[in-house]
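Enquirer: Spelled out from the first residue to the last, the chains are:
There are 2 protein chains.
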Amino acid sequence: MGVQTDLREKLISDYAKLSPQMQKAARYILDHPSDVALRSMRALARAADVPPSTITRLMSAIGVETWQEFRDHYQNRLLDQPASYAQRARETQRTENDANRDEHLLESICRTEIDNISAAFSPELVSRLIEACEAIEDARQVFIVGRGAAYPAACQFAYAYRLFCDNGVLVDGHSGTFGDELRGIGRRDLLIAVGAKPYIRDTVRAVEFARSQHCLVIALTDSDVSPIAMDALCKLVVRDTSQSFFQSFTAALSVMQALVALLVARGGPKALQRIAAAEEQLAVFDTYLED
Amino acid sequence: MGVQTDLREKLISDYAKLSPQMQKAARYILDHPSDVALRSMRALARAADVPPSTITRLMSAIGVETWQEFRDHYQNRLLDQPASYAQRARETQRTENDANRDEHLLESICRTEIDNISAAFSPELVSRLIEACEAIEDARQVFIVGRGAAYPAACQFAYAYRLFCDNGVLVDGHSGTFGDELRGIGRRDLLIAVGAKPYIRDTVRAVEFARSQHCLVIALTDSDVSPIAMDALCKLVVRDTSQSFFQSFTAALSVMQALVALLVARGGPKALQRIAAAEEQLAVFDTYLED
DNA sequence: AGAATGTCGAAACAACTGTTTCAAAATTAT
DNA sequence: ATAATTTTGAAACAGTTGTTTCGACATTCT
Numbered sequence: 001m002g003v004q005t006d007l008r009e010k011l012i013s014d015y016a017k018l019s020p021q022m023q024k025a026a027r028y029i030l031d032h033p034s035d036v037a038l039r040s041m042r043a044l045a046r047a048a049d050v051p052p053s054t055i056t057r058l059m060s061a062i063g064v065e066t067w068q069e070f071r072d073h074y075q076n077r078l079l080d081q082p083a084s085y086a087q088r089a090r091e092t093q094r095t096e097n098d099a100n101r102d103e104h105l106l107e108s109i110c111r112t113e114i115d116n117i118s119a120a121f122s123p124e125l126v127s128r129l130i131e132a133c134e135a136i137e138d139a140r141q142v143f144i145v146g147r148g149a150a151y152p153a154a155c156q157f158a159y160a161y162r163l164f165c166d167n168g169v170l171v172d173g174h175s176g177t178f179g180d181e182l183r184g185i186g187r188r189d190l191l192i193a194v195g196a197k198p199y200i201r202d203t204v205r206a207v208e209f210a211r212s213q214h215c216l217v218i219a220l221t222d223s224d225v226s227p228i229a230m231d232a233l234c235k236l237v238v239r240d241t242s243q244s245f246f247q248s249f250t251a252a253l254s255v256m257q258a259l260v261a262l263l264v265a266r267g268g269p270k271a272l273q274r275i276a277a278a279e280e281q282l283a284v285f286d287t288y289l290e291d
Numbered sequence: 001m002g003v004q005t006d007l008r009e010k011l012i013s014d015y016a017k018l019s020p021q022m023q024k025a026a027r028y029i030l031d032h033p034s035d036v037a038l039r040s041m042r043a044l045a046r047a048a049d050v051p052p053s054t055i056t057r058l059m060s061a062i063g064v065e066t067w068q069e070f071r072d073h074y075q076n077r078l079l080d081q082p083a084s085y086a087q088r089a090r091e092t093q094r095t096e097n098d099a100n101r102d103e104h105l106l107e108s109i110c111r112t113e114i115d116n117i118s119a120a121f122s123p124e125l126v127s128r129l130i131e132a133c134e135a136i137e138d139a140r141q142v143f144i145v146g147r148g149a150a151y152p153a154a155c156q157f158a159y160a161y162r163l164f165c166d167n168g169v170l171v172d173g174h175s176g177t178f179g180d181e182l183r184g185i186g187r188r189d190l191l192i193a194v195g196a197k198p199y200i201r202d203t204v205r206a207v208e209f210a211r212s213q214h215c216l217v218i219a220l221t222d223s224d225v226s227p228i229a230m231d232a233l234c235k236l237v238v239r240d241t242s243q244s245f246f247q248s249f250t251a252a253l254s255v256m257q258a259l260v261a262l263l264v265a266r267g268g269p270k271a272l273q274r275i276a277a278a279e280e281q282l283a284v285f286d287t288y289l290e291d
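Protein sequences appear in the order of chains A and X. Each residue of the first sequence is one higher than the one before, counting from 1 in this note's numbering. Each residue of the second sequence is one higher than the one before, counting from 1 in this note's numbering.
None of these hints come from the bench; they were simulated from the model. Among the hints, a few may not be true.
Copies of the same chain look alike in the list, so a pair counts if it fits in one copy or across any two.
As the list claims (entries may be wrong) - Here are the computed lysine-lysine pairs in the DSBU-like style, where the Cα-Cα straight-line distance is at most 30 Å:
| hint | residue 1 | residue 2 |
| --- | --- | --- |
| 1 | 270 | 10 |
| 2 | 270 | 17 |
| 3 | 10 | 24 |
| 4 | 197 | 10 |
| 5 | 197 | 17 |
| 6 | 197 | 24 |
With the hints as constraints, model all of the structure from the sequences given.
Expert: Here it is, written out as structure tokens:
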């Protein structure tokens, strides 16, 4: 065969020279290559939020005669690339060098992560999540605490939550001593505490302090008998099983994100409106890069 | 519905009971499964030398409502995805209108998250992860930057990395102006940048600055043409598909954790030794709660 | 300022999609 | 052989496909 240029590479290299709309289309194609092979052009255009004509224009822009040609290329790629499981199995049978030891590790990490996530969305957890939502909606102030490896999950929730509610406080100790942010916590408030074994003193102390002030607690932790979950109104127990030395906080993060999604969904248009306002404010601060 | 019947098996078991023309069609399908996924029904009929109506009749004969359903099944098999989570997610969204709307939402979030994770551990990403590892091992200093919603993922990596390597620097702007930590960055160093659309200016600037100082970049982002991935040594592209308004950083976090696990595994006993030392040091500070 | 250029999306197009209908043909039972 | 039944493919269908066209809009240049 002649010069079989890889259209994907072409798309990347020409990307900068394309018009904004074409970039949008090109980007979607790069991010969803299998859609090109399996779906129709119009369906792809719809998914990429672009009129069909943009796709056609993109074709001629990258020197492809017709969509059919482009699609064929992607279909062949899909067929050439053997089913990944089969491929991996073959590689496994080769001599055990370091490279496929790494691959094995990653594969088993993947499985574990998926297990952790599906466990986190079990029916029981789902109903507890809804309870958690109701508690958050009723709270005056929502404090979020998570130290060490649990900090990212806490942080994630606090960031998203603050985009549509102004009563969220992340207890991270950045403003002086840790726990400073908890001053004034009381009966009508709520503390969301995140942490798994080994439990960090600060987190446990924060929970105990909150309880002493009659503040309700939602615990996102690794066990029903975790010190963080003591006397909690709502215990969100997730797995942190991991192949490596460290615990995995993937499930915890996922649950945090789900909690946010639930709150927004229940908040209705009012919540969306607040998010829009928050984004506008960020735009004023020139936070984002415009296209 | 819930029963994941393999249509191929069904075709074989029912083969004897089919009419001659249908057998002809069934036989072609069994011999050319990828044609089902990639070509149109009429094209398939033409190739099997059978009128289109025979295919339709075959569908109802094996208890399949529509050709679309049949084709979807084969497409998913081609993609090596046991089930089309994304599509089912769409279906659940349609039927939701009741009080169990929350449960439906959570269920579809779960599926999307699992999809994102499995995509993040595809063979291609796995080999890129190993490349990333090598780059990290060779680097003098490792800077990690991630703003906004990407901060937790960056934070996670930095925290874990610091437990067994002392050349990691989290660029978070806590110590004065953002980017201050980048001073002195150079040829032998490495920057790990995390971010998805909408891209935050600070992150892009950090990447550009690093590049200008001839520092290598590893990008953990949502597209090959993301501004963060420009000229990156290694592009770790993960999905951030989400049911809610916000992007999901679950896959990004998971990849970060996997990177740490890989580094530790490759580091051998020396790495474990350093972790032990770090833990001991934390114990001295009375960080953890003992049992 | 106005002209030239590039970009964009709605509409129109013929071709093709998956499906249904119906009468002819082939098979089976009587 | 004749009636009853099944099997078959052409034709018609409404909807969708990929592509082209054209006027509106925005941007750049003079």
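Enquirer: Taking the hints in turn, state whether each one holds.
Expert: Against the structure, the hints come out as follows:
1. 270 with 10: neither (44 Å within a copy, 44 Å between copies)
2. 270 with 17: Neither: 40 Å inside a chain and 48 Å across chains, both beyond 30 Å.
3. 10 with 24: For residue 10 and residue 24, only the intra-copy Cα distance (15 Å) is at most 30 Å; the inter-copy one is 42 Å.
4. 197 with 10: between (44 Å within a copy, 22 Å between copies)
5. 197 with 17: Answer is between: at 20 Å across copies they meet the 30 Å cutoff, but 52 Å inside does not.
6. 197 with 24: So residue 197 and residue 24 pass the 30 Å test across copies only (12 Å; inside, 44 Å).
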